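**Student:** The primary structure of each chain is shown beneath.
2 protein chains.
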Amino acid sequence: MIHPLSTLERGQGLRLKEYYMEDLELTLKKMKLASAKLAGMTNETKNKALMAVSAALVEYEDAILEANEEDLNEANKAGLPAPLIKRLTLNKDKLRDLNDGLIGLTKLADPCNETLMQTELDDGLILTKKSVPIGVIGVIFEARPDALVQITALCIKSGNCVVLKGGSEALHSNRILAKIITDAVCEVSADFTDTITLLETRDDVAKMLSFDKYINLIIPRGSNAFVQYIKKNSLIPVLGHADGICHIYVDKAADIDMAVRVVTDAKTQYVAVCNATETLLVHSKIAQKFLPALKKSLDAKHVTLKCDKRAKAILPDTEDATEEDWKTEYLDYILSIKVVDSVEEAVTHINTYGSGHTDGIITADENTADYFTTYVDTADAFVNCSTRFADGFRFGFGAEVGISTNKFHARGPVGIDGLVIYKYILKGHGDIVDDYATGRKHFTHKRLK
Amino acid sequence: MIHPLSTLERGQGLRLKEYYMEDLELTLKKMKLASAKLAGMTNETKNKALMAVSAALVEYEDAILEANEEDLNEANKAGLPAPLIKRLTLNKDKLRDLNDGLIGLTKLADPCNETLMQTELDDGLILTKKSVPIGVIGVIFEARPDALVQITALCIKSGNCVVLKGGSEALHSNRILAKIITDAVCEVSADFTDTITLLETRDDVAKMLSFDKYINLIIPRGSNAFVQYIKKNSLIPVLGHADGICHIYVDKAADIDMAVRVVTDAKTQYVAVCNATETLLVHSKIAQKFLPALKKSLDAKHVTLKCDKRAKAILPDTEDATEEDWKTEYLDYILSIKVVDSVEEAVTHINTYGSGHTDGIITADENTADYFTTYVDTADAFVNCSTRFADGFRFGFGAEVGISTNKFHARGPVGIDGLVIYKYILKGHGDIVDDYATGRKHFTHKRLK
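If you're matching them up, the sequences are chains A and E in order. Counting in my numbering, the first sequence runs from 9 upward without gaps. Counting in my numbering, the second sequence runs from 9 upward without gaps.
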């Protein structure tokens, strides 16, 4: 079979065999230097590149689906579970969604080159703080080939070089997608040379982790254990999320119908995801009425309830919750329930056991809602809505490179704004510090922006 | 001698012997919960706390200077070098400067509770991004007791709990300062309870590094080796600076007098600091005229010049520079010099050997200056002024907790703006994701701010 890939292999793009397999360090060194070029790229060029990727995905649709077919055949032979195979599968619908996402990104403002602050330090000595790309970002992601396109697109728009490592089950899909994207963007501008690299082995990932000289940030998507492994094995800063132990607190002033509806969605709309609710906290004054109504709704979805003593007194036909339950991300049709006596108690429980991912309150009392959103220590503090809204697309970011439970750099769903940093530019006319140190001159520190 | 400290010991403040010595984990656990309270504190209360610290520093001036005297006696007995003793010394002038700094901080806007973005996701479903404190920050700093006051003040203003560990030579000074500050702020608001902790041993630091559950950020001030040690021994994110290998590039369009004046200041105004210039790059078209003029100025300050071949041809009476020199932070009266043929070559040299701290250009050509500031990968890109301006006070931040060569979270001098993160607040009316997943409803994603 003559594959379009064989033509592409002669292009400017992905050069798997030319050097990176032999010398990852050389590749990363080139990427670091190339990252400076992306820092100077206009929004227009970056948008052109995204449109070129969009066109190439259409042009090579058959080849992409064929490569994906190869991955799927191997996955089926290996007997991978159905949910994994679903994520691995590309089809025309998924490719259309990816294209919509690319076009959506071109409509967003440039996250770089924005003047964030400007101060006159003294007459003619102007300090400007400008947003700039982070540099070289390593992203390790699950066997979901559409993730490769989304991540690379977010990096292009934010002016970052990207080292990609996808789940090995998607090897053929990732290879052709990386090649097609690289060729498309390099045709728009030679400045994209050495800005995208695809790694294919765990060994390469282990090597990458040692190159803190060249890589500015690692984004590992995956289990808490995997994120901890990356943190323990690298000096490179890590943007990731640990567990998603999300809570909903149903306040005494909650509308019971609304609370049932929202908790049911938050628990059951999709259980295997990090923003699904795992623990329900309910005010003692409303528990008697609310819990039986909730149980009816959750029984219909076959949810197992694990109750503390006070909740169990109301719902005797349930399991017991232990201390361990407050720390557990079930990712399953299981909900732990605890009765509390105040919003303060709810917030303290969440700040003690939560993972700082997404935590919500159901209440008609605005003061209680404000107390909750102010004092709960979480990336996403939600009022009267489902925790499942915690997502880059739903937040209007176009897509996300991941969700962060860090309280450093970027928190919550991370879109292009989380992929930039800033630089200070100071312009003078021969100004020296000695004049200020000796008191001949004095700073004005006038804020201009 | 009856010391004011003995009265203070009965207060609400620093309780050295009550628990932290026995159980650091318990202290940190309490600090994590206390950090939520600081997140809800008004700017007014935080400013009152800073003013209370200012008043207490005046009230207990004699006791502070006495405690400092104890440290100085021990330092002199141990024969510590003069520059260290100078940094260790507190006096009325330094205390007055600290007070000015505290009052300056009260005049800055609250870095927390700022609406950074607001989006309508759908009718009545509003997403708000608000700035919030990071939480609990560990700062390890040199034997300079005024640093303790500055760091704590920055943490108070930004609503962060702080774990302090100062150089052991300043033990007595740090102890009384931490106690005085803690008592002063706790009198303003009980919410400051458990927000400030002073560690006194290396062993405590080692223990602290393991508590990534409770501490959100470590700021180690010190040598590159020390920062690397912290990074290698903790999963907590680290904000620090590696070497300060700062460059100045003298362009062909530079004013020679200006260039001599600025380079002399950048090299010699204070050699032992991270923002002093270590490497000079000079355009080949101006080197012949500029280098002899510069040498005359630097000879007067006894600066050793280490030249590459082309520079040496112009200044034969100098030492040879090797590859190692481009990677070396001298922190001394030594300057390495290299002749280049273009601003592009200068930028590539800096992006290869620099540490991303502070790098400047001297040129009268605005296009060349723009090329330089756009493509040089550094926290502080300076035009026609000394690298020595890279400093939180000079930048108008009041003070700094340190300088960051990270490209993650905060870069360059770090003031209160570098000590905050954000939180997303989503307010709805019973909104569930299933409505959007099944296409019954559609997002509007209208940007409100």
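Accuracy of the hints is not assured; some may be wrong.
Claimed, not checked - Okay, the calculated beta carbon distance ranges per label pair:
1) A:Leu34 to E:Lys335: 15 to 25 Å
2) A:Lys102 to E:Asp263: 57 to 67 Å
3) A:Lys221 to E:Asp131: 21 to 31 Å
4) A:Arg455 to E:Pro300: 18 to 28 Å
5) A:Asp108 to E:Gly230: 45 to 55 Å
6) E:Lys335 to A:Ser218: 16 to 26 Å
7) E:Lys304 to A:Asp211: 52 to 62 Å
8) E:Asp325 to A:Thr50: 42 to 52 Å
Since the hints were derived computationally from the structure, they do not count as laboratory data. All values reported here derive from a predicted model rather than from experimental measurement. Glycine included, each C-beta is placed from N, C-alpha and C at the ideal position.
**Student:** State the violated hints by number, sorted upward, taking the hints as numbered earlier in the document.
**Tutor:** 3 and 4
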